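Chain P is fixed; fit chain L onto it per the hints.
Protein chains: 2
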Amino acid sequence: ADAEAGKAKAAVCAACHGQDGIATIPMYPNLAGQNAAYIISALTAYKNKTRTGGQAVVMHGQAAGLSEADMANLAAYYASLKPGGK
Amino acid sequence: ADAEAGKAKAAVCAACHGQDGIATIPMYPNLAGQNAAYIISALTAYKNKTRTGGQAVVMHGQAAGLSEADMANLAAYYASLKPGGK
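Protein chains in written order, with the working numbering: chain P, 1 to 86; chain L, 1 to 86.
Source of the hints: derived by calculation from the structure; they are not laboratory data. Heads up, a few of these hints could be off.
When chains are identical, the list treats them as one kind, so a pair holds in a single copy or across two.
[Claimed, not checked] SDA-like mimics (lysine to any residue), calculated; alpha carbons at most 20 Å apart, straight line:
(1) 49 <-> 65
(2) 82 <-> 35
(3) 86 <-> 61
Quick caveat, the model's predicted, so the values are computed rather than measured.
If we strip away everything but chain P, and leave its shape as in the complex, we get (with noise of 0.2 Å):
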């Protein structure tokens, strides 16, 4: 997976999951640190529409256009960056 690409992608999630990861409304999950084999799983789900309720919605709509590259990216990414966020 190539973090690199993956940051550029998620240059649309910053604004709800932060620019370091960490989330701006705690309704939403801080991501830094998260585990990459997790996030895939997740965003799979949102994208298959197998996690609905909450806040799926909008992710629904936010996966819809990711490719497995993509997704592989944003989690090498996210898993990259420093737990707690800074």
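Just chain L now, kept in the frame of chain P:
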């Protein structure tokens, strides 16, 4: 919310999410320093089974027995753990 009560309740969660909230298996999320409001939202989605797919079925069983107070206490506990663990 009562993070101490959450710590006691989290004994069963540690098997997958780790003693310090860092998942024992990369497929599962780290919870240390995660946002409490997000944890409550996720646990609620697992309890209501609006989250399915992937490993969600494991969490259906875990969340089924949790009360709202349990969820708030667990969320407070994990949010209080140092991001990245230790």
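Now the hints, each set against the structure:
no.: 1; hint: 49 <-> 65; verdict: within (13 Å within a copy, 25 Å between copies)
no.: 2; hint: 82 <-> 35; verdict: both (12 Å within a copy, 16 Å between copies)
no.: 3; hint: 86 <-> 61; verdict: neither (28 Å within a copy, 36 Å between copies)
Of the numbered hints listed earlier, the single one contradicted by the structure is hint 3.
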